[in-house]
Amino acid sequence: MSASTGNPSADPALPSPAIADISADPHPITVATRTATDIELRIHTSIAAFDVAAEQWFPAVAGFAVTVLVHTVDAETGRPRYLPPAEPAEWARAIFSTAGASHGYFLGAVDPDTGGHRDGQLAYRLYLDTDRQAIPVPRQVLTCPHLLSAIDGREQITIPTTA
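In our numbering, each number is its position in the sequence shown, counted from 1, plus 343.
Computed beta-carbon distance windows for the label pairs:
| no. | residue 1 | residue 2 | range |
| --- | --- | --- | --- |
| 1 | Ala405 | Gly443 | 10 to 20 Å |
| 2 | Val395 | Gly421 | 34 to 44 Å |
| 3 | Pro488 | Asp394 | 21 to 31 Å |
| 4 | Phe401 | Asp456 | 14 to 24 Å |
| 5 | Ala429 | Leu485 | 22 to 32 Å |
| 6 | Asp474 | Phe401 | 13 to 23 Å |
| 7 | Asp474 | Glu398 | 16 to 26 Å |
| 8 | Phe401 | Thr373 | 32 to 42 Å |
| 9 | Ala397 | Ser359 | 27 to 37 Å |
| 10 | Ile362 | Ala452 | 25 to 35 Å |
Hint data in this document are derived by calculation from the structure and do not stem from the laboratory.
From a predicted model like this one, the values you see are computed outputs, not experimental measurements.
Glycine included, C-beta positions come from ideal geometry on N, C-alpha and C.
Start from the sequences and build out the full structure, keeping to the hints where you can.
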């Protein structure tokens, strides 16, 4: 994992989902929290293409699902630790902003593909069309609840970005 400064705008390794050739492999970043002691954020960003058929009331759509997983762990032991969701949400928003999106979806402490609970992990998603523009979540790809408001200005923590 690459080490980070704790500031997305100063981190040259911050992934950009707007780039057409971004790797589907998780892009890891490790940062110390700014709001707690002895806790690290291990952030994994990945992107996967989707192409879903039309269903009654829902049009067909193709694009990309950008997933940001934030693991909150003890800096010394690597075991899961609790951290309020404000700081992890700011990192997700910073990554999503590299694609021109001001917010994404908060999925919670789950595996985003199955909806199963995951201790010490918070998941976020952004959906992009084939032109890499943010779109609402296509109903055909839902595997767990997606909460838009939980990532969009819910807390006071601010991680500055240049995007």
